[in-house]
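Q: Starting from the two chains in their separate frames, assemble the complex, guided by the hints.
Those protein sequence lines, which keep their order, are chains A and B. The first sequence begins at 1 in our numbering and counts up by one. The second sequence begins at 222 in our numbering and counts up by one.
It is possible that part of the hints are untrue.
As the list claims (entries may be wrong) - With a straight-line Cα cutoff of 25 Å, these simulated PhoX-like cross-link-like pairs (lysine-lysine) come out:
| no. | chain 1 | residue 1 | chain 2 | residue 2 |
| --- | --- | --- | --- | --- |
| 1 | A | 219 | B | 481 |
| 2 | B | 326 | B | 305 |
| 3 | B | 245 | A | 190 |
| 4 | B | 480 | A | 3 |
| 5 | B | 481 | A | 208 |
| 6 | A | 73 | A | 110 |
| 7 | A | 110 | B | 314 |
| 8 | B | 481 | A | 117 |
| 9 | A | 110 | B | 256 |
| 10 | B | 245 | B | 256 |
| 11 | B | 314 | B | 256 |
| 12 | A | 190 | B | 477 |
| 13 | A | 110 | A | 219 |
| 14 | B | 238 | B | 285 |
What the hints assert, rightly or not - Examples of chain A residues toward chain B, derived with CB under 8 Å:
| no. | residue |
| --- | --- |
| 15 | 103 |
| 16 | 106 |
| 17 | 107 |
| 18 | 155 |
| 19 | 156 |
| 20 | 162 |
| 21 | 163 |
| 22 | 170 |
| 23 | 174 |
| 24 | 182 |
Simulated from the structure, these hints should not be mistaken for laboratory data. Remember, predicted model here, so these are calculated numbers, not experimental data. A virtual CB, placed ideally from N, CA and C, is assigned to each residue, including glycine.
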Amino acid sequence: MAKVVYRFSKGERFVHWLHGVSFLLLLFTGLGVLTVALQPLSNIFGGIQVSRNIHRVVAVIFTIGIIIGFVGKGEGARQMRRWVRDVLNFGKDDFAHAKNFAIEFFGGHKPFPPQGKFNGGEKLNSMFTILGTICIAISGYIMWFAPSMPQFLVQWAYPIHSACALFMAALLIAHFYLGVLHPDSNQALKGIFTGWVPAKFAYEHYEKWYQEEAEQTLKEV
Amino acid sequence: MARKMVFIDTSLCTGCKACSVACKAWNDLPAEKTKRIVSYQTQADFTPTTWTYVQFRENYKNEKMQFNMIKLQCFHCADPACMKACSSDAIYKTETGYTLIDQDKCIGCGYCTKNCPWEVPKTDSKINKTSKCTGCIDRVEAGMKPACVQTCQPGALQFGDYDEMMAVAQARLAELKLSNHKANLYGDQFMGSTTYLYLLEDTPYSYGLHPNPVSPISLTIWKDLVHPLGGIAIGASAVAIAGGVVANFVMGNYAKRAKKIAESHNEGGK
Numbered sequence: 001m002a003k004v005v006y007r008f009s010k011g012e013r014f015v016h017w018l019h020g021v022s023f024l025l026l027l028f029t030g031l032g033v034l035t036v037a038l039q040p041l042s043n044i045f046g047g048i049q050v051s052r053n054i055h056r057v058v059a060v061i062f063t064i065g066i067i068i069g070f071v072g073k074g075e076g077a078r079q080m081r082r083w084v085r086d087v088l089n090f091g092k093d094d095f096a097h098a099k100n101f102a103i104e105f106f107g108g109h110k111p112f113p114p115q116g117k118f119n120g121g122e123k124l125n126s127m128f129t130i131l132g133t134i135c136i137a138i139s140g141y142i143m144w145f146a147p148s149m150p151q152f153l154v155q156w157a158y159p160i161h162s163a164c165a166l167f168m169a170a171l172l173i174a175h176f177y178l179g180v181l182h183p184d185s186n187q188a189l190k191g192i193f194t195g196w197v198p199a200k201f202a203y204e205h206y207e208k209w210y211q212e213e214a215e216q217t218l219k220e221v
Numbered sequence: 222m223a224r225k226m227v228f229i230d231t232s233l234c235t236g237c238k239a240c241s242v243a244c245k246a247w248n249d250l251p252a253e254k255t256k257r258i259v260s261y262q263t264q265a266d267f268t269p270t271t272w273t274y275v276q277f278r279e280n281y282k283n284e285k286m287q288f289n290m291i292k293l294q295c296f297h298c299a300d301p302a303c304m305k306a307c308s309s310d311a312i313y314k315t316e317t318g319y320t321l322i323d324q325d326k327c328i329g330c331g332y333c334t335k336n337c338p339w340e341v342p343k344t345d346s347k348i349n350k351t352s353k354c355t356g357c358i359d360r361v362e363a364g365m366k367p368a369c370v371q372t373c374q375p376g377a378l379q380f381g382d383y384d385e386m387m388a389v390a391q392a393r394l395a396e397l398k399l400s401n402h403k404a405n406l407y408g409d410q411f412m413g414s415t416t417y418l419y420l421l422e423d424t425p426y427s428y429g430l431h432p433n434p435v436s437p438i439s440l441t442i443w444k445d446l447v448h449p450l451g452g453i454a455i456g457a458s459a460v461a462i463a464g465g466v467v468a469n470f471v472m473g474n475y476a477k478r479a480k481k482i483a484e485s486h487n488e489g490g491k
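So here's chain B without its partners, still in its complex pose (with noise of 0.2 Å):
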């Protein structure tokens, strides 16, 4: 199957929040309590049961207001710094794109939590299990939209192959640009490019999201630096207290010492 996309329009969203509920309906997560963050902002933050949620940030200007809505999900990274964090090879990439954790697999230590520049994966300290979002691969791989896709009345969520998806971002971002020069695709320029690409009405910075996302300098440092060098310390270590005791036994020091406790004995200090 090829590399899938989907494209997320947010000039199109209405913030009706169809999207998070058709996750939790066809990924069978429970409903949480919700509170009101900040305008009309039920959901905080990922959480191990709530995939997906529609964030609302209010943008005032010449005493207009400007909804900036989005909805946030795992970004399925094409090259994914959870993965390359994940401390049991239970992180994996699908030929379609998407970034998944083999439950199994997963002993929810979290490393994979800071080391993604959005913070999505979260973990279940009671069962001790990291999820997030899975891009309802079940229903992808047999030919179906994701649930959110599936649902999104205003047409905002679009999904497709990537290259064909790439296209209809492409021609909408020309089509917003003739009267929003602030139009800009979120998505395609980072991380080895992400599966989920953005159509922002404004600046990354203004929705909250990082404007240039990084795998950060340290899990590099962390796995392809300490850990090689901690181990040759560790070998090279080994190997030379082997080579001690047997130079030792070489040169008869094993057999002095006897000699050398027996004198030191009679001896006692100077």
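Next comes chain A alone, as it looks inside the complex (with noise of 0.2 Å):
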């Protein structure tokens, strides 16, 4: 028997998954435009043209998925909304979690204030993912339309494009270990599939956010 509460409903997985799997899509059928270095990674999906009308198809749906995922009255986008406005809301509290993202990230612990729904480390990373998503869907509908716009904007769309890919793809890696190869940190994994996380685990790292909302979801399995 395990004790779980409740952390993500199903439209805060779903655009998760939509985020993640079509940014390494993205990733992946973007870098062989990046350098002729990377050029070769473009020939697992067939060579540079075909990476490169995949790299559109998948932009749309990237782009207008996750816009879907935050409209309407559904506890989804509601949970959507809700993950903004927390992570816009960066305290006291917050910072003394961050402060520590060095020890913790490497097997250490520092006791840290009770934190809300999202701790200052998942505040930190989400805030770099929404403005790198912001600026990279921008400059890449920019660059896709590059005949037709602006001669300055196109020219900048170019840098900030590619700064947000590489700066993502460094968050990434640094999310993929925190999620699935941190020993503590990675018993969240499951509340990302199953949407349910161990109530310990609850506790110990959102306390706030245990007490005022996740125990009442708390069940057995």
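A: Laid out in structure tokens, this is it:
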């Protein structure tokens, strides 16, 4: 028997995976035009021109899908909007959590103040992801329709698109580690598949959220 | 072979467009349906199969009309922004001073187009190849003049070694200056100096040309800053997680994890 609490609604999980899978597809179909050395990568998909078409189709799914995730009155969309509100509300407790990031990252532990649904570290990751997604999408569409766009706009879209892609890839590597490889924080992994996470883990990492909301969903499985 | 120059003396141009036709003929480029754009101009911009065209501007002063006619094509910059922007190492320089696109390597990404100050290269989206004036490199390397120069009736186009042509250009500028103080050379003072040098009768602006074209700063930031820093970020992230796995392993956190989870099963929340 294990006690679990409900962490992620269907909508949140759907948008997370839509974002994750399409980001990886976009990254590997896009790296081929970043530099000549990476051009052989596009052969995985059947060459540079096939990669280019996949990149555009996935880009549309990526952007439209995520926008749809935020629209409507459903529980998922409500939680998505709440996520953005939470993330933008970065306070003293969040800072206190985030400043010990390196210690936790390398397996240590330092006490931190009770956290809400998203802890300081997650909020930072979310902020970079939201900002990066907006910038990469806008710059991407500008590059797609370059011939009918003003020259300076396209010129600046190139470095912005590359910067977002590369820094989000770096962020993704760290995110993968914390979600899958890190012995403490990877207890959350089930949450992004099933929605439910171990109750004790939730209490230890998100005490405030646990007390205020999560405890009401406590069940044994 | 020494560096070459095509000197374009706009004061001698009659706007006959023979250069444009000769270019199509020699380079085997299909004719396109044209329409009147403005004045006698029939081509709005470069296309994948139109590498040179004549631009007409009618400037009125004291109730007199002055034709500002100019043959446009790739400038073949000594320091081309397109080459730096190219994703595929398809753009290269020849020792004769030409900037060329290797059609086998080109993937038609179009990065060169918007980074060129004049947006000269154009991409054929059906075949995903980008093309522009080749300077008739095949003719030049065989000791002939480019097709446009060969055909120019009024002698507005001249071709030769860079230094010799520069002397011709300077002499002609001095001559023109006697009656027109606005006369100026366009091409020797930017982008590392261009292979196609113009003698203009008016300001560059009045020909619709950038007065001072530069390689965009965004291009430098993109290639020299974002790419190396992005690579470092990804490398650093990968090294950090490898370090994290090792550190957790050494501290016994993976062994402790099973125990901790068993506990959490029993204890539940608080």
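Q: Work down the list of hints and note, for each, if the structure agrees.
A: Here is how each hint holds up against the structure:
{"no.": "1", "hint": "219(A) to 481(B)", "verdict": "19 Å, holds"}
{"no.": "2", "hint": "326(B) to 305(B)", "verdict": "15 Å, holds"}
{"no.": "3", "hint": "245(B) to 190(A)", "verdict": "65 Å, violated"}
{"no.": "4", "hint": "480(B) to 3(A)", "verdict": "15 Å, holds"}
{"no.": "5", "hint": "481(B) to 208(A)", "verdict": "21 Å, holds"}
{"no.": "6", "hint": "73(A) to 110(A)", "verdict": "39 Å, violated"}
{"no.": "7", "hint": "110(A) to 314(B)", "verdict": "59 Å, violated"}
{"no.": "8", "hint": "481(B) to 117(A)", "verdict": "22 Å, holds"}
{"no.": "9", "hint": "110(A) to 256(B)", "verdict": "74 Å, violated"}
{"no.": "10", "hint": "245(B) to 256(B)", "verdict": "17 Å, holds"}
{"no.": "11", "hint": "314(B) to 256(B)", "verdict": "35 Å, violated"}
{"no.": "12", "hint": "190(A) to 477(B)", "verdict": "19 Å, holds"}
{"no.": "13", "hint": "110(A) to 219(A)", "verdict": "29 Å, violated"}
{"no.": "14", "hint": "238(B) to 285(B)", "verdict": "24 Å, holds"}
{"no.": "15", "hint": "103", "verdict": "10 Å, violated"}
{"no.": "16", "hint": "106", "verdict": "4 Å, holds"}
{"no.": "17", "hint": "107", "verdict": "4 Å, holds"}
{"no.": "18", "hint": "155", "verdict": "4 Å, holds"}
{"no.": "19", "hint": "156", "verdict": "5 Å, holds"}
{"no.": "20", "hint": "162", "verdict": "5 Å, holds"}
{"no.": "21", "hint": "163", "verdict": "5 Å, holds"}
{"no.": "22", "hint": "170", "verdict": "4 Å, holds"}
{"no.": "23", "hint": "174", "verdict": "5 Å, holds"}
{"no.": "24", "hint": "182", "verdict": "7 Å, holds"}
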